[in-house]
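Student: Starting from the given sequences, assemble the full structure and let the hints guide the process.
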Amino acid sequence: KQEVTQIPAALSVPEGENLVLNCSFTDSAIYNLQWFRQDPGKGLTSLLLIQSSQREQTSGRLNASLDKSSGRSTLYIAASQPGDSATYLCAVNPGSNYKLTFGKGTLLTVNP
Amino acid sequence: DVKVTQSSRYLVKRTGEKVFLECVQDMDHENMFWYRQDPGLGLRLIYFSYDVKMKEKGDIPEGYSVSREKKERFSLILESTSTNQTSMYLCASSSTPLAGEYRSGRNEQFFGPGTRLTVL
Chain A
1 KQEVTQIPAA LSVPEGENLV LNCSFTDSAI YNLQWFRQDP GKGLTSLLLI
51 QSSQREQTSG RLNASLDKSS GRSTLYIAAS QPGDSATYLC AVNPGSNYKL
101 TFGKGTLLTV NP
Chain B
1 DVKVTQSSRY LVKRTGEKVF LECVQDMDHE NMFWYRQDPG LGLRLIYFSY
51 DVKMKEKGDI PEGYSVSREK KERFSLILES TSTNQTSMYL CASSSTPLAG
101 EYRSGRNEQF FGPGTRLTVL
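Chains A and B supply the protein sequences, listed in that same order.
For what it's worth, the working numbering labels the leading residue of the first sequence as 1, then goes sequentially.
For what it's worth, the working numbering labels the leading residue of the second sequence as 1, then goes sequentially.
Just so you know, these hints were derived from the structure itself, not from any lab.
Certain hints may be false.
What the hints assert, rightly or not - Here are the simulated DSS-like cross-link-like pairs (lysine-lysine), alpha carbons at most 30 Å apart as the crow flies: (1) B/Lys55 / A/Lys42; (2) A/Lys42 / B/Lys3; (3) A/Lys42 / B/Lys18.
Stated by the list, open to error - According to the in silico footprint, chain A covers these stretches of chain B (three or more CB under 8 Å from chain A): (4) 42-56; (5) 90-96; (6) 107-120.
Think of the CB as a built atom: it goes at the ideal place given N, C-alpha and C, for glycine as much as any other residue.
Tutor: Printed below as a string of structure tokens:
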């Protein structure tokens, strides 16, 4: 059974810092991996999707990498801003039925 | 622009009441999902549907049922609510890759804004 772990559970950084969020998964046979952002009391917003054949994806200040063989993905946020404060979740798609397995998220606080 | 909408943002119900949560997507997606999210437990899949009138149980289907009569609409039904069903309910949708695209790894999942259900 696929398990997804996100470390750390919470992270607090000063504004302007570059930071890395980690996601690890136990079964490397994945179809894709998706990173989401969730603001308090809201739904999930898709940030990046990395296909199994890709090594990384970029969108603005965000860069996500994927290393299937080691079962790891990272989300790099450059020049963090207070508006980046949210919970970040990663989710693995095994492919056969498109059901995602989620990590429990990293709560990020960027202090002005 | 991709859009998944849910019928209510907040609901308060009494134990034993019947609740319908409705989800609509405008992307012509084949797959639709219902999750619940609880502190410390993360997101857990309740049911999903990969086509009209088709459904499969997720990880925690007990106490819930679903209906998908039209492609764009997926309803979650709580026949007789209990306090342990107090939660945030999230709907999502995704497309099914075309046969030639299966290995592409596409089929991003899109979420609605969520419904916060409180059962008293």
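Student: Verify the coverage statement for the region 107-120 of chain B against chain A, using a C-beta to C-beta distance below 8 Å and requiring 3 or more qualifying residues.
Tutor: holds (count 9)
Student: Given that the region 42-56 of chain B was listed as covered by chain A, double-check it with a C-beta distance under 8 Å for 3 or more residues.
Tutor: n = 6 at 8 Å, threshold three: holds.
Student: Within a Cα-Cα threshold of 30 Å, do B/Lys55 and A/Lys42 meet the stated pairing?
Tutor: Satisfied, since the Cα-Cα distance of roughly 26 Å is no more than 30 Å.
Student: Are A/Lys42 and B/Lys3 close enough, with their CA atoms no more than 30 Å apart?
Tutor: Holds - the C-alpha atoms of B/Lys3 and A/Lys42 are around 14 Å apart, at most 30 Å.
Student: Per the coverage rule (Cβ-Cβ under 8 Å, at least three residues), is the region 90-96 of chain B covered by chain A?
Tutor: holds (count 4)
Student: Would you mind confirming whether the straight-line C-alpha gap from A/Lys42 to B/Lys18 stays at or under 30 Å?
Tutor: 24 Å, holds
The structure is consistent with each of the numbered hints, conforming to all of them.
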